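Residues per chain, in single letters:
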Amino acid sequence: GENVEQHPSTLSVQEGDSAVIKCTYSDSASNYFPWYKQELGKGPQLIIDIRSNVGEKKDQRIAVTLNKTAKHFSLHITETQPEDSAVYFCAALNVNTGFQKLVFGTGTRLLVSP
Amino acid sequence: GAVVSQHPSRVICKSGTSVKIECRSLDFQATTMFWYRQFPKKSLMLMATSNEGSKATYEQGVEKDKFLINHASLTLSTLTVTSAHPEDSSFYICSARGQTVYEQYFGPGTRLTVT
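Protein sequences appear in the order of chains H and P.
Residue numbers are given in the working numbering: position 83 of the first sequence equals residue 83, and the series is strictly consecutive.
Residue numbers are given in the working numbering: position 41 of the second sequence equals residue 41, and the series is strictly consecutive.
Be careful, since some hints might not be right.
Stated by the list, open to error - Mimicking BS3-like on lysine-lysine, the simulated pairs with C-alpha atoms at most 30 Å apart in a straight line are:
#1 H:LYS101 x P:LYS64
#2 H:LYS57 x P:LYS42
#3 H:LYS68 x P:LYS41
#4 H:LYS57 x P:LYS41
#5 H:LYS57 x P:LYS14
#6 P:LYS42 x H:LYS101
#7 H:LYS71 x P:LYS20
#8 P:LYS64 x P:LYS20
#9 P:LYS41 x H:LYS101
#10 H:LYS42 x P:LYS42
#11 P:LYS42 x H:LYS71
Source of the hints: derived by calculation from the structure; they are not laboratory data.
If you're wondering where the values come from, they're calculated on a predicted model, not measured in any experiment.
All chains, full assembly: derive it from the sequences and hints.
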């Protein structure tokens, strides 16, 4: 089955810096890759996603890139703000299979210091 | 995005009792609902998947008689932890999926503490 690895496990940056979180997946059939932000004591919230037919997607300060050949996808946050501090999870899914279960990465704790 | 609610947000129960957690999709019909468990500083662990009107499909290692799931309607799923023990203490999160796999939204979670 699918396995998703996520790095780093923790990331500390200064406000205004950029942050990059990387994920690697094992199943080349995976074709949908969402990213979630989870604040303390809350459920995950979808912040951006990418499908396998595109290589990059951007939404204001956040962007996601996908390298299907290398089976890597990354989350980029620019001009970080203290409110970006949270745990971020990547996930992968094959929309063409009957199972269609999200497989999550292990999470990255992002701390943005003022 | 769509809204998924969970109730209660926090619950404390005594060992041996049962507790029910509700998950509702507030503004869309959820053909599929998922229940996750999350340990501190860990990722989400899928417990079971349920489709409206059907029996839930449990992940390997999850006891179906302990974690009863009922997907009674297109907007409501419940998770009942039966005969709860302290090791069942955890953060339980539901997720609801609409018409497509791209429409999957998570609830705010329920913190269960078993004393």
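So, going through the hints one by one against the coordinates:
no., hint, in the structure
1, H:LYS101 x P:LYS64, "holds, 19 Å"
2, H:LYS57 x P:LYS42, "holds, 27 Å"
3, H:LYS68 x P:LYS41, "holds, 29 Å"
4, H:LYS57 x P:LYS41, "holds, 28 Å"
5, H:LYS57 x P:LYS14, "violated, 48 Å"
6, P:LYS42 x H:LYS101, "holds, 18 Å"
7, H:LYS71 x P:LYS20, "violated, 40 Å"
8, P:LYS64 x P:LYS20, "holds, 14 Å"
9, P:LYS41 x H:LYS101, "holds, 21 Å"
10, H:LYS42 x P:LYS42, "holds, 14 Å"
11, P:LYS42 x H:LYS71, "holds, 23 Å"
Of the numbered hints stated above, those contradicted by the structure are hints 5, 7, listed in ascending order.
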